[in-house]
Amino acid sequence: MSINIMSEQLFRNHLMSIECKQIASDMHSIDNLFADDVQRRQLGFRTEPYIRPPIEITLRSTFKMNVKELEIGLKLNDNKSDSLEISSASDSQEFQIITKQFNCHSFDSLCLKNVCFRLNSTLSSVNTSATQRDNCPLRHTTRVHAIKCFKNCFQINAIKIKIFRTANSSV
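For the sequence shown, the numbering used here assigns the number 171 to the last residue and increments by one with no breaks.
Quick caveat, the hints were computed from the structure, so don't treat them as lab data. Remember, predicted model here, so these are calculated numbers, not experimental data. Check before you lean on any hint, since a few could be wrong.
Okay, derived cross-link-like pairs now, BS3-like style, lysine-lysine, Cα gap no bigger than 30 Å in a straight line [said to hold, decoys possible]:
hint, residue 1, residue 2
1, 64, 151
2, 21, 80
3, 21, 68
4, 160, 64
5, 21, 100
6, 162, 151
Pair by pair, the computed Cβ-Cβ distance ranges are [stated by the list, open to error]:
hint, residue 1, residue 2, range
7, 48, 93, 31 to 37 Å
8, 116, 25, 34 to 40 Å
9, 103, 9, 19 to 25 Å
10, 103, 14, 35 to 41 Å
11, 71, 119, 16 to 22 Å
12, 167, 12, 19 to 25 Å
13, 9, 66, 17 to 23 Å
14, 106, 64, 20 to 26 Å
15, 15, 52, 16 to 22 Å
16, 4, 29, 15 to 21 Å
Built from N, CA and C at the ideal position, the CB exists for glycine as well.
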């Protein structure tokens, strides 16, 4: 089954959790990242200007998952994250790096596609439309950087995004 792991319902039912140890600026809470309300989601997450990188955002789930695709918006108003690292972990493991991306300043979002992802044999006969399958809010970005090398993305229950640099900010 394909689901949007950033659905507010998963967080309300305590199936997913999100954490960031850095202080968020007003109206730009970490909770905005999983809000079903489009206006709240568009506010995004931003730390206070005096916070220095790296900034770590960790998503944890109570269930194991195989990641098919992961899209990360890099731009919020004039601020743009342009150097980051994405890693994953399962219950008994430390975080393993999926990818490191530097100099992403010319892209609005980063899209990681797991080219090794295959539907479970019990689900392969399920026929769903693209909107049902993706169940993600539509993004209106014109510049997307797609990466087709995915490792450490099977049977995981945590994803960590570490932001090293943000352009047009005080950090």
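Status of each hint after checking the structure:
{"no.": "1", "hint": "64 <-> 151", "result": "holds (15 Å)"}
{"no.": "2", "hint": "21 <-> 80", "result": "holds (20 Å)"}
{"no.": "3", "hint": "21 <-> 68", "result": "holds (27 Å)"}
{"no.": "4", "hint": "160 <-> 64", "result": "holds (15 Å)"}
{"no.": "5", "hint": "21 <-> 100", "result": "holds (21 Å)"}
{"no.": "6", "hint": "162 <-> 151", "result": "holds (17 Å)"}
{"no.": "7", "hint": "48 <-> 93: 31 to 37 Å", "result": "holds (32 Å)"}
{"no.": "8", "hint": "116 <-> 25: 34 to 40 Å", "result": "holds (38 Å)"}
{"no.": "9", "hint": "103 <-> 9: 19 to 25 Å", "result": "violated (36 Å)"}
{"no.": "10", "hint": "103 <-> 14: 35 to 41 Å", "result": "holds (38 Å)"}
{"no.": "11", "hint": "71 <-> 119: 16 to 22 Å", "result": "holds (20 Å)"}
{"no.": "12", "hint": "167 <-> 12: 19 to 25 Å", "result": "violated (34 Å)"}
{"no.": "13", "hint": "9 <-> 66: 17 to 23 Å", "result": "holds (20 Å)"}
{"no.": "14", "hint": "106 <-> 64: 20 to 26 Å", "result": "violated (35 Å)"}
{"no.": "15", "hint": "15 <-> 52: 16 to 22 Å", "result": "violated (33 Å)"}
{"no.": "16", "hint": "4 <-> 29: 15 to 21 Å", "result": "holds (19 Å)"}
The structure fails to meet hints 9, 12, 14 and 15 from the earlier list, while all remaining hints are met.
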